[in-house]
Amino acid sequence: MTRYISILIVLLVTASAYGFDFRKENLEHKIVAGFNFGATTPTSIPREIRKIEGWWPQFTPQLGYNIIYNTSDKWAVGSGILLDYKGMGVRDRVKYLYTEVKLEKDGNYLTGYFTGKNETTVKMAYVTIPLYARFKINDTWNVRGGGYMSYAYSTSFKGKVWDGYMRAPDPTGSEIVIENKGDATFDFGDDVKTFDFGILAGGEMKINQRFNVFGTFNWGLTPIFHNSFKAVPFKMHNIYVTLGISYNL
Amino acid sequence: MKTKLILFFCCLTISFISCIKDEPENIEADILSFSFEDYPEMKAIPSKESSKMVFEITDTTIDITRLIPKIEISTGATITPSPDIAQDFSDTVTYIVSSENKRWSRSYQVLIKQMIPLHFSFEDWGTAGTGIMKYPTLSDETWANANPGIALAKFGRVDEYPTRSTTDAYNGEYAALLETQRGGTYFGFKIPIFSGSLFRGKFGSINMSDFAKTVQFGQPHPQEKGRPIIFKGYYKYKVGEPFYDENDNIVPGRIDECSIYAVLYKITKGVAGTKDDEFLDGTNILTSDKIVATAILADNSAKSEYTYFEIPFKYKEAPNYSLYDYKLAVVFASSKEGDFYRGAIGSTLIVDEIEVVCQTYSSRDKE
Chain A
1 MTRYISILIV
11 LLVTASAYGF
21 DFRKENLEHK
31 IVAGFNFGAT
41 TPTSIPREIR
51 KIEGWWPQFT
61 PQLGYNIIYN
71 TSDKWAVGSG
81 ILLDYKGMGV
91 RDRVKYLYTE
101 VKLEKDGNYL
111 TGYFTGKNET
121 TVKMAYVTIP
131 LYARFKINDT
141 WNVRGGGYMS
151 YAYSTSFKGK
161 VWDGYMRAPD
171 PTGSEIVIEN
181 KGDATFDFGD
191 DVKTFDFGIL
201 AGGEMKINQR
211 FNVFGTFNWG
221 LTPIFHNSFK
231 AVPFKMHNIY
241 VTLGISYNL
Chain B
1 MKTKLILFFC
11 CLTISFISCI
21 KDEPENIEAD
31 ILSFSFEDYP
41 EMKAIPSKES
51 SKMVFEITDT
61 TIDITRLIPK
71 IEISTGATIT
81 PSPDIAQDFS
91 DTVTYIVSSE
101 NKRWSRSYQV
111 LIKQMIPLHF
121 SFEDWGTAGT
131 GIMKYPTLSD
141 ETWANANPGI
151 ALAKFGRVDE
161 YPTRSTTDAY
171 NGEYAALLET
181 QRGGTYFGFK
191 IPIFSGSLFR
201 GKFGSINMSD
211 FAKTVQFGQP
221 HPQEKGRPII
231 FKGYYKYKVG
241 EPFYDENDNI
251 VPGRIDECSI
261 YAVLYKITKG
271 VAGTKDDEFL
281 DGTNILTSDK
291 IVATAILADN
301 SAKSEYTYFE
311 IPFKYKEAPN
321 YSLYDYKLAV
331 VFASSKEGDF
341 YRGAIGSTLI
351 VDEIEVVCQT
361 YSSRDKE
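If you read the sequences in order, they're chains A and B.
All the letters of the first sequence, read from the start, carry residue numbers 1 to 249 under full-length UniProt numbering.
All the letters of the second sequence, read from the start, carry residue numbers 1 to 367 under full-length UniProt numbering.
One chain only, chain A, in its complex shape:
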């Protein structure tokens, strides 16, 4: 965590190095409205995932307020507060994925190695505070880079496995055939961390005096599950792109 905070501090210091002569007319206020596309995913696809058969977005808007202070003609620092939904759905084929599922027939939990199809739906609601430096390329374009801190007030991570079998508790154990979609489910929403820190990079294009379009790439550096959580064997991160419109107040 200190690592992420250090990154933010470095960014701030970089920004302030250009001189921090506070003047009210140097402030910009913006309302932002966008949509998050992306995935909560391991940064490189683990071997256990054999094929991604489908991906679909959830309703994951980003709404909020940004405040930007211009430190020079070119440079500015920005922050704000955002209501930030992140989520997606994915269907994939896995081999020997270590996980825990609930057998719907009897309500029992089964931990072991699953081979077959998996469908996961993730939806998380965060309050995000970004902090970034902005560089104006020209009157129309600017780019920015920085970090963000998010607090999750609602987390959902659930799905189904089917069309396969599980060896439980280990590969030498019983073979449980999970045939139909809905026979076995998982719900790890409660195991998702409340905090997420990440880095962001993006750009903005001016449409007119009031409106701009922007795109931001957000890379969560903290794995979304607690270290003690074992039912997903790899570290997952929020990797999302926000596309939206900002309105200058």
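Keep in mind that the hints were calculated from the coordinates and are not lab data.
Since we're looking at a predicted model, the values are computed, not measured.
Treat each hint with caution, since some may be false.
The list that follows gives simulated cross-link-like pairs (lysine to any residue, SDA-like), each with its CA atoms no further than 25 angstroms apart [to be verified]:
1) A/K117 <-> B/E49
2) A/K230 <-> B/N26
3) A/K51 <-> B/T75
4) A/K51 <-> B/K21
5) B/K48 <-> A/T185
6) B/K21 <-> A/R50
7) B/K52 <-> A/S174
8) A/K51 <-> B/N101
9) B/K21 <-> A/D170
10) A/K117 <-> B/E25
11) B/K43 <-> A/T172
Please build the complex by placing chain B on the supplied structure of chain A, with the hints as guidance.
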């Protein structure tokens, strides 16, 4: 810019999909099937939970001490010892399967139990004795009956002997019929009834005063014949009346019972067939401390139709051929207490297709 971003996002997605890694190494270590190429009847598909495979075969021509199995295992897994090496399956052979990724292994135990049936259909009958003393008996001389005693007692004046063949067979042409008959007084001894009897053993020198000691139960049962495990066959039983006790008194209301049992007992090593040969007789066949195992039919009541019985041998101790020799007795009687001249006139027991199933001792036991 927006299109660029979309493009970037698409590229990102593609890059994720394109970086699907090589398939993980197999983590399973299962035997998927276990068979013997030359003996298709021996094939097992072990469950994922079980690691024991036991084949029970009755084909005694298979040399189970040198067999090469055909084993299918999980993809990429390895197995030791190599299935190409012949193994002695008369004793448990352990195979260890290791998964492709080497992290997991399962151990399997394989055993072949070779069953040697001692099967008797009671088809071939002949006569024994000489002149007027001729009496019916099975051609298989390992079986004996008490007919010679009756022949002697009645000086051959016998219409039908208590033990004889019948065409009322369960299978084949004949079965063995045992009928309790009315006796009398012979040589000063009162013998109220003659029970039909049939047993593996010998009818010894006749001792009218203690008839029960005349019968010598059991035939040698060397280790090669295997460990008796099941005694089975078919029988019919008709209860006769009246019931006589040994003092020639009618016992009203007493219902006769048949007896069907097999006994494995130990004898001093090396005495079988010598003048010191040892037997159990009618007085101790079910009580001797030499008894190692018994299989006794519990239901001795009337059966108007052929009834199947299958009795497991109950062992008191494990046979130890390095210390003892063993004999196996199989005994049928139309009156349970016929040895002691108690029974009901006309009680009739018919038996057919008798089998003692034995399991081969493993080659290690033989050493």
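Quick rundown of the hints versus the structure:
no.	hint	verdict
1	A/K117 <-> B/E49	holds (24 angstroms)
2	A/K230 <-> B/N26	holds (21 angstroms)
3	A/K51 <-> B/T75	holds (20 angstroms)
4	A/K51 <-> B/K21	holds (10 angstroms)
5	B/K48 <-> A/T185	holds (23 angstroms)
6	B/K21 <-> A/R50	holds (8 angstroms)
7	B/K52 <-> A/S174	holds (15 angstroms)
8	A/K51 <-> B/N101	holds (21 angstroms)
9	B/K21 <-> A/D170	holds (23 angstroms)
10	A/K117 <-> B/E25	holds (18 angstroms)
11	B/K43 <-> A/T172	holds (21 angstroms)
Violated hints: none; the structure is consistent with every hint.
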